[in-house]
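Listed below are the residues making up each chain.
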Amino acid sequence: MNKYADLFQNVRAVKPLVHHITNYVTVNDCANVTIAVGGSPVMADEMTDALDIVSIASALVLNMGTLNERTIPVMLAAGKVANAKGIPVVFDPVGAGASKLRNETAARLSGEVVLAAVRGNISEIRFLAGLRSRTKGVDASDADIADAGEAKRAAKSLAERTGSVVAITGATDIITNGKNTVSVSNGVAMLGSLTGTGCMCSSLIGCCLGANPDRPFESVVAALLSMGIAGEIAHEKAGHLGGGSFRAALHDAMSRMNAPTLERRAKYDEA
Amino acid sequence: MNKYADLFQNVRAVKPLVHHITNYVTVNDCANVTIAVGGSPVMADEMTDALDIVSIASALVLNMGTLNERTIPVMLAAGKVANAKGIPVVFDPVGAGASKLRNETAARLSGEVVLAAVRGNISEIRFLAGLRSRTKGVDASDADIADAGEAKRAAKSLAERTGSVVAITGATDIITNGKNTVSVSNGVAMLGSLTGTGCMCSSLIGCCLGANPDRPFESVVAALLSMGIAGEIAHEKAGHLGGGSFRAALHDAMSRMNAPTLERRAKYDEA
Amino acid sequence: MNKYADLFQNVRAVKPLVHHITNYVTVNDCANVTIAVGGSPVMADEMTDALDIVSIASALVLNMGTLNERTIPVMLAAGKVANAKGIPVVFDPVGAGASKLRNETAARLSGEVVLAAVRGNISEIRFLAGLRSRTKGVDASDADIADAGEAKRAAKSLAERTGSVVAITGATDIITNGKNTVSVSNGVAMLGSLTGTGCMCSSLIGCCLGANPDRPFESVVAALLSMGIAGEIAHEKAGHLGGGSFRAALHDAMSRMNAPTLERRAKYDEA
Numbered sequence: 001m002n003k004y005a006d007l008f009q010n011v012r013a014v015k016p017l018v019h020h021i022t023n024y025v026t027v028n029d030c031a032n033v034t035i036a037v038g039g040s041p042v043m044a045d046e047m048t049d050a051l052d053i054v055s056i057a058s059a060l061v062l063n064m065g066t067l068n069e070r071t072i073p074v075m076l077a078a079g080k081v082a083n084a085k086g087i088p089v090v091f092d093p094v095g096a097g098a099s100k101l102r103n104e105t106a107a108r109l110s111g112e113v114v115l116a117a118v119r120g121n122i123s124e125i126r127f128l129a130g131l132r133s134r135t136k137g138v139d140a141s142d143a144d145i146a147d148a149g150e151a152k153r154a155a156k157s158l159a160e161r162t163g164s165v166v167a168i169t170g171a172t173d174i175i176t177n178g179k180n181t182v183s184v185s186n187g188v189a190m191l192g193s194l195t196g197t198g199c200m201c202s203s204l205i206g207c208c209l210g211a212n213p214d215r216p217f218e219s220v221v222a223a224l225l226s227m228g229i230a231g232e233i234a235h236e237k238a239g240h241l242g243g244g245s246f247r248a249a250l251h252d253a254m255s256r257m258n259a260p261t262l263e264r265r266a267k268y269d270e271a
Numbered sequence: 001m002n003k004y005a006d007l008f009q010n011v012r013a014v015k016p017l018v019h020h021i022t023n024y025v026t027v028n029d030c031a032n033v034t035i036a037v038g039g040s041p042v043m044a045d046e047m048t049d050a051l052d053i054v055s056i057a058s059a060l061v062l063n064m065g066t067l068n069e070r071t072i073p074v075m076l077a078a079g080k081v082a083n084a085k086g087i088p089v090v091f092d093p094v095g096a097g098a099s100k101l102r103n104e105t106a107a108r109l110s111g112e113v114v115l116a117a118v119r120g121n122i123s124e125i126r127f128l129a130g131l132r133s134r135t136k137g138v139d140a141s142d143a144d145i146a147d148a149g150e151a152k153r154a155a156k157s158l159a160e161r162t163g164s165v166v167a168i169t170g171a172t173d174i175i176t177n178g179k180n181t182v183s184v185s186n187g188v189a190m191l192g193s194l195t196g197t198g199c200m201c202s203s204l205i206g207c208c209l210g211a212n213p214d215r216p217f218e219s220v221v222a223a224l225l226s227m228g229i230a231g232e233i234a235h236e237k238a239g240h241l242g243g244g245s246f247r248a249a250l251h252d253a254m255s256r257m258n259a260p261t262l263e264r265r266a267k268y269d270e271a
Numbered sequence: 001m002n003k004y005a006d007l008f009q010n011v012r013a014v015k016p017l018v019h020h021i022t023n024y025v026t027v028n029d030c031a032n033v034t035i036a037v038g039g040s041p042v043m044a045d046e047m048t049d050a051l052d053i054v055s056i057a058s059a060l061v062l063n064m065g066t067l068n069e070r071t072i073p074v075m076l077a078a079g080k081v082a083n084a085k086g087i088p089v090v091f092d093p094v095g096a097g098a099s100k101l102r103n104e105t106a107a108r109l110s111g112e113v114v115l116a117a118v119r120g121n122i123s124e125i126r127f128l129a130g131l132r133s134r135t136k137g138v139d140a141s142d143a144d145i146a147d148a149g150e151a152k153r154a155a156k157s158l159a160e161r162t163g164s165v166v167a168i169t170g171a172t173d174i175i176t177n178g179k180n181t182v183s184v185s186n187g188v189a190m191l192g193s194l195t196g197t198g199c200m201c202s203s204l205i206g207c208c209l210g211a212n213p214d215r216p217f218e219s220v221v222a223a224l225l226s227m228g229i230a231g232e233i234a235h236e237k238a239g240h241l242g243g244g245s246f247r248a249a250l251h252d253a254m255s256r257m258n259a260p261t262l263e264r265r266a267k268y269d270e271a
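From first to last, the protein sequence lines stand for chains A, B and C.
Positions 1 to 271 (the numbering used here) are the ones given, in order, by the first sequence.
Positions 1 to 271 (the numbering used here) are the ones given, in order, by the second sequence.
Positions 1 to 271 (the numbering used here) are the ones given, in order, by the third sequence.
Bound conformation, chain A alone (with noise of 0.2 Å):
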């Protein structure tokens, strides 16, 4: 069995309970997609009660995609008490490089906790490592996209500076500690016609970080090539129906992926 289906398997061993700051778009699929694996989802956004739940949670997962003031200094708040009591921090700068609330707070945030994983779209990765971002909205822009060796770099040198796993999902996943990057081929493009299967990514690497804390490397590759094959599953069985019934068969792939299927699938190249 390859390492990272094994690290996939122990969050049905380990349940990490997966504490959500979050948006309110994609919130349930987040939820859905951390209990499918064998994880246990909260969501706790107001101070008092985010300090509380973090302090027992496995890991912290920050989501920016419905930014507000009430939340970003829970946001910090929240990332610095895990960071003290060594419970990995999972960020998704949603809309990083889009507007000025977004970029300060993905500065802010990256700079003031220690985080285990950064996932975004190579837009958003691109706004994190100092390069221009075209992004438009929420969505990666294709210029950003047409310059994936740029980012490529660019993600590495921001893994190396920060300590972070950093992942960009689109076509190809890259995940990079700075040191070791592997590429993650899985994956179909409807995925990209599915709100939230950024953010469920995110939620994955939440609870691949949550079971297996001493290997977020690893941990990040894992959640990645779930959603990958699961994409795959769901194409296959209901690609055709159209983006409803897809969605459906997401939440079943990801309900009943295991550790043969994850040996048996996976596409990657580590360079």
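Certain hints may be false.
All copies of an identical chain are treated as equivalent in the list; a pair is satisfied when it fits inside any one copy or across any two copies.
As the list claims (entries may be wrong) - Computed list of lysine-lysine pairs in BS3-like fashion (alpha-carbon distance at most 30 Å, straight line): (1) Lys100 to Lys15; (2) Lys152 to Lys15; (3) Lys267 to Lys100; (4) Lys152 to Lys80; (5) Lys267 to Lys179; (6) Lys179 to Lys237; (7) Lys85 to Lys237; (8) Lys80 to Lys156; (9) Lys237 to Lys3; (10) Lys15 to Lys237; (11) Lys80 to Lys267; (12) Lys80 to Lys100; (13) Lys237 to Lys156; (14) Lys15 to Lys3; (15) Lys80 to Lys237; (16) Lys156 to Lys267; (17) Lys100 to Lys152; (18) Lys3 to Lys100.
Hints in this document: simulated from the structure, not taken from any laboratory.
These numbers were taken from a predicted model, which means no experiment stands behind them.
Assemble the complex: chain A is given as a structure, and chains B and C must be docked to it using the hints.
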């Protein structure tokens, strides 16, 4: 026809307006299940809006899933208006036992508002009943589940003390008003691997109470029977496919639930 | 090809960024339907974020479903920025008529922001048009539905007075700009037993307007035709299964909607 089937059927006849002040994780499922059984959901959590809306509602559902300082006073005030107007209030103490804010809010709500019904998992009800709760986030803990006998006694004394109908949902649902107790054994384990099935139970209780305000105990039983049976039907149809298909099938079953099905499939003990 | 099919098809070509300030009940459906037809959804409701995002958007959708004091000024300010930049604004007055806060907000938004289109149920549009509204929560009342003739005249005079395209959705959709009126008879009753179908119509209007800002009237018709037809297709495929399958099939149909289907199935009268 048993009395529960009859009360459930009344929801489709009365079309109660069910006002929810609830969390942003499962709110969509709550709205859809309310419509599915014949109710009309309305979500309003701003103070002035909520006080107007509750005045025209048939029932009020207060759910602490994503508690925040803005909505806590709204829950309290709306609860008091509902009390003054004789509108039944359902309380879902999500995560009671897991944080100071949740504990204090649960205590204030149950202290200051007369609750027609309280529904939670065993850890949450233990907390309300004054037992030690070993909750982990928003899911019941295994240790608490093992102590079902003690919880049942505590639920009974909580119901006696407060006059609320108290329901513990889980593998077997316990409903008690202190004097009478019903155990519902409908349901499947897979309901626990979908977010929102607990919240939907509370919405269903709101629907049944809204249609039958003078029959609180039987209304809670009817609501929980309907969810348990819908879970079984969904599991038969789609359980083997996975979580996404099970979810769609659960909503299918709720939207087609009727008195004959409730009559035929209900499994409960009156004690 | 009829003009409406043509305008709908433009959404897939233009990929408009549709900024939503909307409720947390149906927001996920709004995001998914926007992607399904080729748009790019972005949800941003914090003041500074929203003002940046609206500046790069193709359309702005303002939806009052879960109104609160924090987001009302954001809706107003974003609406004014959109006006200044020539970005079309769609208004969905959810629950207008049901509470003082909703009534006042609806009045302020329609008074201070130039609205390209307003879409609501008959009770909501009656309220905006100055007729007595007998709304019950967020659903149209039966009494209001019975008065369709009066509502149609009121919608027309509202459109004349404000310059907005006004749409009443229901068993038959009425779209008017004061001068021209179209009735759309596509659709099925089952659309009314799913939460969010109204909100999704408003998102679709945002998509069509964003792609065809110079054709507001025809854009609204195109959007409502697409939802009505998708509802029919979903009902044919899955209506007998229940609400959950119907929902998935509706998203399937929206994601596969195209000009030939719109052309072939559209049922409307131009008056």
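Checking lysine 80 and lysine 156: alpha-carbon separation at most 30 Å within a copy, between copies, both or neither? Within one copy, since 24 Å is at most 30 Å while 42 Å is not.
Could you figure out if lysine 156 and lysine 267 sit no more than 30 Å apart (CA to CA) within one copy, between two copies, both or neither? So lysine 156 and lysine 267 pass the 30 Å test inside one copy only (21 Å; across, 56 Å).
First find the shortest C-alpha distance between lysine 152 and lysine 80 inside one copy, then the shortest across copies, and answer within, between, both or neither for a cut-off of 30 Å. within (28 Å within a copy, 40 Å between copies)
Cα distance capped at 30 Å. Does lysine 237 pair with lysine 156 within a copy, between copies, both, or neither? neither (36 Å within a copy, 47 Å between copies)
For lysine 80 and lysine 100, with the copy left unspecified, which applies at a CA distance of at most 30 Å: within, between, both, or neither? Intra 23 Å, inter 19 Å, cutoff 30 Å: intra and inter.
30 Å Cα cut-off: does lysine 15 pair with lysine 3 within a copy, between copies, both or neither? Within one copy, since 19 Å is at most 30 Å while 40 Å is not.
Taking 30 Å as the upper bound on the Cα-Cα distance, should lysine 15 and lysine 237 be classified as within, between, both, or neither? both (28 Å within a copy, 27 Å between copies)
Evaluate lysine 267 and lysine 179 at a C-alpha cut-off of 30 Å and name the case that applies: within, between, both or neither. Intra 20 Å, inter 59 Å, cutoff 30 Å: intra-copy only.
Please sort lysine 85 with lysine 237 into within, between, both or neither, judging by C-alpha distance up to 30 Å. neither (43 Å within a copy, 45 Å between copies)
Evaluate lysine 100 and lysine 152 at a C-alpha cut-off of 30 Å and name the case that applies: within, between, both or neither. Cα proximity of lysine 100 and lysine 152: one copy only (24 Å, versus 44 Å across).
Status of lysine 267 relative to lysine 80 across identical chains (alpha carbons, at most 30 Å): Intra 36 Å, inter 49 Å, cutoff 30 Å: neither.
Between the shortest in-copy and the shortest cross-copy C-alpha distance, which are at most 30 Å for lysine 80 and lysine 237: within, between, both, or neither? neither (43 Å within a copy, 46 Å between copies)
The structure does not agree with the numbered hints 3, 6, 7, 11, 13, 15, 18 stated previously, though it agrees with the rest.
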